[in-house]
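Visitor: Could you put together the complete structure from these sequences and hints?
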Amino acid sequence: MLIERNNWNPRLPEFLIEAEMLLAKSEECLAHLQLIKNDPDAIHCLLGALLTLANRADVLALGAICTFARSLHAVLSQVRGQVDLHDQALGALKECLTLIAWQLELVDRHTGDLRLDNTEQAFLLEAFVAQIDCAAFPFAGPTSGLACANMATRRA
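Numbering-wise, the numbering used here comes out as the position in the sequence shown, counting from 1, plus 23.
The hints are simulated quantities; they were obtained by calculation from the structure and are not laboratory data.
Because the structure is a prediction, the values reported are computed rather than measured.
Where is the CB? At the ideal position from N, CA and C, for every residue including glycine.
Possibly wrong hints are sitting among the right ones.
Stated by the list, open to error - Estimated spans, in silico, between C-beta atoms of each pair: (1) 111 to 33: 38 to 44 angstroms; (2) 143 to 84: 16 to 22 angstroms; (3) 133 to 82: 17 to 23 angstroms; (4) 142 to 101: 21 to 27 angstroms; (5) 105 to 37: 35 to 41 angstroms; (6) 39 to 143: 19 to 25 angstroms.
Guide: Structure representation (structure tokens):
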């Protein structure tokens, strides 16, 4: 869905406020998971926040943020209840959320552009997937091939 930049800019401040609240909610879910490992309610809450963030970013054509949030959502959805989200995995996930917050700060307030490549996103997604043992799960969706292929290349 293409958004005219004239209509886009007025919605940015509202989106940034909502995105900040969604990231805060994600951080609360993460803190809960650090206290109660693999809590299904906290994982469900985190999944909801990531999906909402991805959908809101998509409406504003913030592709990099949308794709990264959807990728994190896809990984968590596919492994939910099947792997241990141990401290290292949660730490890697926290770094992913921190990157999203940083990217939101870098969105150009006049054009909506985020002039970054996805290298850092791929690196952090790889680190998260590595912590939850990517080899045990065939991923589909936005992460398909991205993290697993890059990890296989690094191991070779």
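Visitor: Work down the list of hints and note, for each, if the structure agrees.
Guide: Consistency of the hints with the structure:
The hint said 38 to 44 angstroms for the Cβ distance between residue 111 and residue 33, and at roughly 42 angstroms that hint holds. A C-beta distance of roughly 20 angstroms is found between residue 143 and residue 84, which places it inside the suggested range of 16 to 22 angstroms. At roughly 18 angstroms, the beta carbons of residue 133 and residue 82 sit within the given window of 17 to 23 angstroms. Hint check: residue 142 to residue 101, Cβ distance near 23 angstroms, so the stated range 21 to 27 angstroms holds.
Between residue 105 and residue 37, the C-beta spacing of about 37 angstroms keeps the proposed range 35 to 41 angstroms intact. Taking 19 to 25 angstroms as the suggested C-beta distance range, the pair residue 39 and residue 143 conforms, at roughly 20 angstroms.
In this structure, every one of the numbered hints holds.
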